[in-house]
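Student: Chains as they are written, first to last, in our numbering: chain A, 1 to 304; chain B, 1 to 304; chain C, 1 to 304; chain D, 1 to 304.
For the record, the hints were derived by calculation from the structure and aren't laboratory data. Among the hints, a few may not be true.
Same chains, same label: a pair holds when it works inside one copy or across any pair of copies.
Unchecked claim - Mimicking BS3-like on lysine-lysine, the simulated pairs with C-alpha atoms at most 30 Å apart in a straight line are: (1) Lys132 x Lys78; (2) Lys282 x Lys16; (3) Lys132 x Lys298; (4) Lys298 x Lys78.
Number of protein chains: 4
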Amino acid sequence: MMDFQHVINSIHDDLKHEVNRGLVANYIPELSHIDANNFGIYLKLISGENFSVGHSNTPFSIQSISKVFALSMAFNFKGDQLWQRLDVEPSGDPFNHLSLLELENGIPRNPFINSGAIVIADILISQLDNPKADFLNYVRELANDNSINYNESVATSEKTTGFNNYAAANLLKSYGNLENKVEDVLDFYFHQCAIEMNCEQLTSAFFMFANHGVCLQNIKRLSSSQIKRINAIMLTCGFYDEAGEFAFEVGLPGKSGVGGGIVALLPNQFVISTWSPGLNPKGNSKIGMQALEAFTTKTKLSIF
Amino acid sequence: MMDFQHVINSIHDDLKHEVNRGLVANYIPELSHIDANNFGIYLKLISGENFSVGHSNTPFSIQSISKVFALSMAFNFKGDQLWQRLDVEPSGDPFNHLSLLELENGIPRNPFINSGAIVIADILISQLDNPKADFLNYVRELANDNSINYNESVATSEKTTGFNNYAAANLLKSYGNLENKVEDVLDFYFHQCAIEMNCEQLTSAFFMFANHGVCLQNIKRLSSSQIKRINAIMLTCGFYDEAGEFAFEVGLPGKSGVGGGIVALLPNQFVISTWSPGLNPKGNSKIGMQALEAFTTKTKLSIF
Amino acid sequence: MMDFQHVINSIHDDLKHEVNRGLVANYIPELSHIDANNFGIYLKLISGENFSVGHSNTPFSIQSISKVFALSMAFNFKGDQLWQRLDVEPSGDPFNHLSLLELENGIPRNPFINSGAIVIADILISQLDNPKADFLNYVRELANDNSINYNESVATSEKTTGFNNYAAANLLKSYGNLENKVEDVLDFYFHQCAIEMNCEQLTSAFFMFANHGVCLQNIKRLSSSQIKRINAIMLTCGFYDEAGEFAFEVGLPGKSGVGGGIVALLPNQFVISTWSPGLNPKGNSKIGMQALEAFTTKTKLSIF
Amino acid sequence: MMDFQHVINSIHDDLKHEVNRGLVANYIPELSHIDANNFGIYLKLISGENFSVGHSNTPFSIQSISKVFALSMAFNFKGDQLWQRLDVEPSGDPFNHLSLLELENGIPRNPFINSGAIVIADILISQLDNPKADFLNYVRELANDNSINYNESVATSEKTTGFNNYAAANLLKSYGNLENKVEDVLDFYFHQCAIEMNCEQLTSAFFMFANHGVCLQNIKRLSSSQIKRINAIMLTCGFYDEAGEFAFEVGLPGKSGVGGGIVALLPNQFVISTWSPGLNPKGNSKIGMQALEAFTTKTKLSIF
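Extracted from the complex, chain A is given alone in its bound form (with noise of 0.2 Å):
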């Protein structure tokens, strides 16, 4: 078997000194504080195994990695119904969100950008008795974890200079592709964004998008069709305008998010995770990219 130890360890030793590690987001003034030096990475077999180097267990905020959280209880919920009120098409642009919004009169072309994540989020809300806590449940189970939480300070953050995201909400029900009240969908959308978990949790948590739709504690949550079709997604959205570029680098599907979290999986063979905070100008991270890059290339493990 293939020494993954040593593979992770050569990866963690040639990019921990890197200089250009990428700006941390400055947007959510709560994540601009972080030291870009953090680094960490975190891998587990289907099989078991487990492996980790440098900061694998600093909780971190998991931001749009929680869309696919999300995503899984959706369409665990409405099934294909799902896909009246989004699409499942890589969205391609980088600059204009709102304009494709606009010109596809209200449905979001995927449910990784933040109009389709926004949707989703008022389906839970339509769905869920206590939606905050029922989600954090959700989290917590996959990742067999209860220490899992909240930052109520990222969640009041972005509430006050979430504007864009106020205007894609705003645009939304305008459509009449939002049920709920924009101020409900949103406080609970910048909570889902503000979970705090680290690289182990992170990977655990996605065990079961590797695994048939079954989670780390044996529980089948999702069909194999739906994991399949979640999987599909990651690959084709799962990273902003740069999602080509991943498939074309890395060739696994995967999500990121902009506190510089990176998770990505083979079925059926494993999950990895990253964490650099410094972002690349498409806003994911700089090193986690160049890490998974580097890890597919050494184990010639990708979809493809």
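For this one, chain A is given, so just place chains B, C and D on it according to the hints.
Tutor: Using the frame of chain A, we list chains B, C and D on its own:
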């Protein structure tokens, strides 16, 4: 001298029984119940004579026509500094005004598209001690008529349904082009649009735009150069994406509102207002456009 | 009466030594060698007097100014049928004229953007027996000057480098909005743009647009209504995406060309032409725009 | 082992009498007469077995499927230099591919939209001594079949009607992203698209993409890394603006053409081709998409 009363009478006769009167705006619930058969014309010559026919004394919601008053007030306060925050070019685009705002980094195309008018509203509430009272007072003074008022239920109606304007205001805020709180700016903006005036009052209030900035009360309110510039913006941007059509068919600076009103003017000669609530597909009064085209055709009075 | 000679002399004096004269167009190789210090003004009153200063008798490439001649000829042939194949709205868009054409299914926004002028050229070659000879003859008659000619090397220069126009013509063809062969239409179009005229000739040729359709030779060529409509299009669309700015600053219908010429007019009053080859970033003559703004400011003669 | 013959037989049975088979492409006149009832499937396992059903030996126009061959040839010549002239991101946009090209200054989104494929064609004719002969030879070698040929009348048909491709090529030329003459590049491009192959030949020719770059004749033609990258582009960009949908429903890298063919593959496992000429509204074979979805559902073989 031309027999203007005869001209407007014959136009009114020709159009008052027209079956296809357009559709009354229904996106603001409070406006949807207006009788589409209302139809009035009021003409005021700079020389002092007045002519009217039909429902020229029935008040209606002036809606976007108010943007001309707001622009003139802001232009007076800020002079050419105004153009640091918005432009004077036609938008050309029917369907994607937020798209343009994204493409152009939060600088609205002109003061008459909603995003531009929201920037003007933001400027006014930064300048005025009692924004709503002071603005209403300004309009009353221009019209020389203290009976003019806000329709509070129209303002409230827009406040609870104007999600597209919330989207625009939040997008402006995300680009740093809004100083005040979204809620405060839109409260002012929805009130501004909810002023009720009749054709006579509108004609009186627009007198200064045909008279080098001197209003009916003989007060010089803007410089000749500023008035010329506002007239130019009315001509190029006053009719949404039908501005070219209005210039082409009518050939006068003017402004329409979704309440069904239109005001147009020939500098040094006259101001004319029409009201007919049914709108054409571009959102301008269908019968009003036809009446004004007939007026300039019959009188051969246009700027071209 | 105003001392017009003094007015244009003082404008010429103020601007002739201006250091920042804009950049001479270099995308048409043949035009790139013109001396940026050329600067002429020619003013013709409807009453008959003429005033000139500077290089008002040096011929230059009229380029897009020719679109007004072509439009007037096509309008005369086809009347309002013309508007089945193109619109009269400002394009508003600096950068993506083909985008608009795609969004609007091959119907150009107006006759002065390139795609619209190409449709007009297509109409003319379907109508004319000897398109190039007949068109040149028409311009000579309007100007009452048989010395006007095509510059063949400029036409050839555009033919070998005008890829964007080939793109537009082929896109029109793909939408079925071009009757003739792309090569034939563009050969005519490039010749039309390659006519050389001086300020005096341009002013003479535009006389009919300020005189209800009656040209210098006292022939009624278009109806008053058609002339009014062409003037409206000049005002709203005559200056690319700076049309609003020109209306705002100058307040006259007019048309510019990348050869550095501008013609503008006040109906019933005057026609004025300027030539200064350096362009501002929007593609309009920098000094010419300033000269015309100064002219309307000093004389207070504008349509607004 | 799975009974693959049974699987494809049952899929063929289920779909061969389906009434709604989509519309045969009519924009290329030569293709419009194909019988919509043609339907073939050919499956080749990397292990060597082959399975087929229906019209798997009837040649058809491969059209856009040829773009994968062209990309692989150009990638081999230029390596990663290729990506200086085009990108690898999904285009996301159904209707305005020239718009995107304008917005992105002449850099096509990916090698599978027409503008990107035209850039690839330009690269190939700069590299090849006898472009058309050499390219055909390359395809024959990949398929190990010298009977493959261009259909000259299809190539001629596109040449006289492919105005949109002329528009794209001229736009690329205007941005300096085309080295050769538009006519030469498109002559090559229209021939490339006019190659005729049957399902068996296509499956054979794609063998190397499922086999780390080693073709049927056991020649290593591209590196494993290059093959992985081409597969990634097929997955994210291979089905126009339905790429997300194909990834979601089918979950295999693949490429479709308007001739009704689709090829898809699972690395290390198999290549499968389908042919059914009727297209869905997005331009992909309607029955082919359904057949491939059924295949991955029944066999549970997908990359996700």
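Student: Look at each hint and say if it fits the structure.
Tutor: Hint by hint, here is what the structure shows:
no. : hint            : verdict
1   : Lys132 x Lys78  : within (19 Å within a copy, 47 Å between copies)
2   : Lys282 x Lys16  : within (21 Å within a copy, 46 Å between copies)
3   : Lys132 x Lys298 : neither (40 Å within a copy, 38 Å between copies)
4   : Lys298 x Lys78  : between (40 Å within a copy, 24 Å between copies)
Violated hint for the displayed structure: number 3, the only one.
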